[in-house]
Amino acid sequence: METANAIEIRDLDVDYGSRRILSDINIDIRQGEIMVIMGGSGSGKSTLLRCILGLKKPSAGHIYMLGTDICHTSNKKLYGLREQIGVAFQGGALFTSMTVAENIQLPLREHTNLDENTIQIMTRIKLDMVNMLPYENLMPSELSGGMKKRAALARAIIMDPKLLFFDEPSAGLDPITSAELDELIVMLKESMKMTIVVVTHELESVFAIADRIAILGEGQLVQVGTPEEIKSSTDERVTGLLNRTPRKNNVDKDVHIERLTRDKE
Amino acid sequence: MIKAISNLGSYAIETIEQIGRTFNLLLIIAWKMCLPPYQIFPIIKQIYFIGARSLTVIIISGATIGMVLGLQFYNTLERFGSVGVLGSAVALSIIRELGPVMTALMVVGRAGSAICAELGIMRITEQVDALECMAIPPDKYLVAPKLIAGIVSVPLLNFVFNVVAIGGGYFVGVIMLGVGEGSYVNGMIDSVVWGDVRLGMVKSIIFGMLITLICCAKGFYLHLSQYGSQGAEGVSRATTDAVVISSVSVLFFDFLIGALMS
Ligand SMILES: Nc1ncnc2c1ncn2[C@@H]1O[C@H](COP(=O)(O)OP(=O)(O)OP(=O)(O)O)[C@@H](O)[C@H]1O
Ligand SMILES: [Mg+2]
Numbered sequence: 081m082e083t084a085n086a087i088e089i090r091d092l093d094v095d096y097g098s099r100r101i102l103s104d105i106n107i108d109i110r111q112g113e114i115m116v117i118m119g120g121s122g123s124g125k126s127t128l129l130r131c132i133l134g135l136k137k138p139s140a141g142h143i144y145m146l147g148t149d150i151c152h153t154s155n156k157k158l159y160g161l162r163e164q165i166g167v168a169f170q171g172g173a174l175f176t177s178m179t180v181a182e183n184i185q186l187p188l189r190e191h192t193n194l195d196e197n198t199i200q201i202m203t204r205i206k207l208d209m210v211n212m213l214p215y216e217n218l219m220p221s222e223l224s225g226g227m228k229k230r231a232a233l234a235r236a237i238i239m240d241p242k243l244l245f246f247d248e249p250s251a252g253l254d255p256i257t258s259a260e261l262d263e264l265i266v267m268l269k270e271s272m273k274m275t276i277v278v279v280t281h282e283l284e285s286v287f288a289i290a291d292r293i294a295i296l297g298e299g300q301l302v303q304v305g306t307p308e309e310i311k312s313s314t315d316e317r318v319t320g321l322l323n324r325t326p327r328k329n330n331v332d333k334d335v336h337i338e339r340l341t342r343d344k345e
Numbered sequence: 267m268i269k270a271i272s273n274l275g276s277y278a279i280e281t282i283e284q285i286g287r288t289f290n291l292l293l294i295i296a297w298k299m300c301l302p303p304y305q306i307f308p309i310i311k312q313i314y315f316i317g318a319r320s321l322t323v324i325i326i327s328g329a330t331i332g333m334v335l336g337l338q339f340y341n342t343l344e345r346f347g348s349v350g351v352l353g354s355a356v357a358l359s360i361i362r363e364l365g366p367v368m369t370a371l372m373v374v375g376r377a378g379s380a381i382c383a384e385l386g387i388m389r390i391t392e393q394v395d396a397l398e399c400m401a402i403p404p405d406k407y408l409v410a411p412k413l414i415a416g417i418v419s420v421p422l423l424n425f426v427f428n429v430v431a432i433g434g435g436y437f438v439g440v441i442m443l444g445v446g447e448g449s450y451v452n453g454m455i456d457s458v459v460w461g462d463v464r465l466g467m468v469k470s471i472i473f474g475m476l477i478t479l480i481c482c483a484k485g486f487y488l489h490l491s492q493y494g495s496q497g498a499e500g501v502s503r504a505t506t507d508a509v510v511i512s513s514v515s516v517l518f519f520d521f522l523i524g525a526l527m528s
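Quick note, the sequences are listed as chains A and B, same order.
Each residue of the first sequence is one higher than the one before, counting from 81 in our numbering.
Each residue of the second sequence is one higher than the one before, counting from 267 in our numbering.
Everything labelled a hint here was simulated from the structure, so no lab data went into it.
Glycine included, every Cβ here is placed at the ideal spot set by N, Cα and C.
Hints may be right or wrong, so weigh each one.
Claimed, not checked - Simulated restraints on C-beta separations: (1) B:ILE279 with A:LEU340: 31 to 37 Å; (2) B:ALA380 with A:ARG324: 44 to 50 Å; (3) B:GLN305 with A:PRO214: 30 to 36 Å; (4) B:ILE279 with A:GLU338: 32 to 38 Å; (5) B:GLY275 with A:GLY112: 40 to 46 Å; (6) A:ILE201 with B:GLY494: 37 to 43 Å; (7) B:LEU526 with A:GLY97: 40 to 46 Å; (8) B:ALA380 with A:LEU135: 23 to 29 Å; (9) A:LEU218 with B:ILE325: 57 to 63 Å; (10) B:ILE306 with A:THR192: 16 to 22 Å; (11) A:ILE201 with B:PHE437: 47 to 53 Å; (12) B:LEU522 with A:GLY97: 35 to 41 Å; (13) A:ARG339 with B:ALA380: 41 to 47 Å; (14) B:LEU301 with A:ARG204: 47 to 53 Å.
What the hints assert, rightly or not - Partner residues are not named here, just some residues of chain A that face chain B (Cβ under 7 Å, in silico): (15) GLU163; (16) PRO187; (17) GLU190.
Could you build the full structure based on these sequences and the hints that come with them?
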């Protein structure tokens, strides 16, 4: 089944134990677009990403990735799909027992029969793309936070995936590196026709890269739309996120005091 | 009161879940190992880590235990005037009981804790998730080589332990206390039968599997346990648990196998 949508999320509910984290999420992500997922800290962005990647089973709903319902499919199909995606995690998730270069080569070694020379060259190309070439022989523990992020991105794109997921690419990066990374993400979309899902807080990079934006607030989908639509939104939660207005404490004073003083059960 | 009962209940459920997960892991790995790709190099690396790097501690503890046994048995046997059976007494207790048990306990302390901590850290830093997302099955890639290495190395270490310990008993008995060399060696050769050696081998293979399986499962399934959300502290608690549980299981299974096989 070939559709224009790379990912379709339908009526998704997600819980951790008895806590509802996401409820009734519906998002379509089109082939070849950059979809940015925004939302306050703890609003469930990483959780949504984990569901799309099949790492967390939702309590209800469906997620179709490239036409396959990943919540109700065999492990084998899921692994087949995963060979076509690349993921850069929030903390990098580099393997601490391998050098940067070995980390990046791992998918190639596991899934292809390329000869050593080709693997080396491909590694260098991807490392060069993220400006990490001088550091290929360092261990992950010797890298700074931003360098880990860039190495993780290089590992995510080593197999030239159809779909790329990137959790918080620019958090903790200096403005120049951050701008370079934005440029790289746009370049990946344009030259390799990748569909890219980016989770981020940085407003500047959001508007530099996004084709469309989805905004999450307290477990609900607040709005999905183009950057223009989002900018002209009148929803308080959207404008609050864009204009950096602090959350208002519109709880009743007595309730607030009760919350602070009540005993733990 | 009700709270205490409910705590007990949830503790029991968690324990049973953990046992189930652990054996499930064993079955999954046994199944996945039959499917390609077969990986030899990671297994060798783990055998080096679990086996070769434990050699020093095994040799030292083996020599010490052998010498202590030689001394103790000599004192006891002397009262009955039968120091001639010193060789058999030392060899039988080492081969049947102390060799497998002590080797397993040493490996738990030396390698089991490290395995559990390593997998636990990989779990909480999303390295296991990253493997999943690269379509590399983490159980096969991370756990299977450790498990095979455990099953291979523990019996080999047990063999080394036995040799060194019997040598230690020889040193104390024959060289220091003057028991006749002939009676030590011949008594040993006459009394140790194939059944004793087989019992020791079966024990150490089962122990090797048991301790690596428990330590792997504790770390690999860290996120599902009650320590899952405690970060570094969770890893340290899970590691402590893994060491305690695998040591106790070794002692329990030692009794069980002994009772069933003799
Ligand atoms: N393993 C877990 N167990 C229980 N609750 C969790 C777990 N992981 C996340 N949560 C909860 O899910 C909610 C959403 O978390 P999530 O990590 O998705 O937020 P986020 O939007 O990515 O935040 P950030 O921008 O800080 O990364 C939080 O309230 C968090 O407490
Ligand atoms: Mg997050």
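Comparing the hints with the structure gives:
no.: 1; hint: B:ILE279 with A:LEU340: 31 to 37 Å; in the structure: 34 Å, holds
no.: 2; hint: B:ALA380 with A:ARG324: 44 to 50 Å; in the structure: 46 Å, holds
no.: 3; hint: B:GLN305 with A:PRO214: 30 to 36 Å; in the structure: 31 Å, holds
no.: 4; hint: B:ILE279 with A:GLU338: 32 to 38 Å; in the structure: 34 Å, holds
no.: 5; hint: B:GLY275 with A:GLY112: 40 to 46 Å; in the structure: 53 Å, violated
no.: 6; hint: A:ILE201 with B:GLY494: 37 to 43 Å; in the structure: 41 Å, holds
no.: 7; hint: B:LEU526 with A:GLY97: 40 to 46 Å; in the structure: 42 Å, holds
no.: 8; hint: B:ALA380 with A:LEU135: 23 to 29 Å; in the structure: 26 Å, holds
no.: 9; hint: A:LEU218 with B:ILE325: 57 to 63 Å; in the structure: 36 Å, violated
no.: 10; hint: B:ILE306 with A:THR192: 16 to 22 Å; in the structure: 19 Å, holds
no.: 11; hint: A:ILE201 with B:PHE437: 47 to 53 Å; in the structure: 60 Å, violated
no.: 12; hint: B:LEU522 with A:GLY97: 35 to 41 Å; in the structure: 37 Å, holds
no.: 13; hint: A:ARG339 with B:ALA380: 41 to 47 Å; in the structure: 45 Å, holds
no.: 14; hint: B:LEU301 with A:ARG204: 47 to 53 Å; in the structure: 33 Å, violated
no.: 15; hint: GLU163; in the structure: 5 Å, holds
no.: 16; hint: PRO187; in the structure: 5 Å, holds
no.: 17; hint: GLU190; in the structure: 5 Å, holds
The structure shown violates the earlier hints numbered 5, 9, 11, 14.
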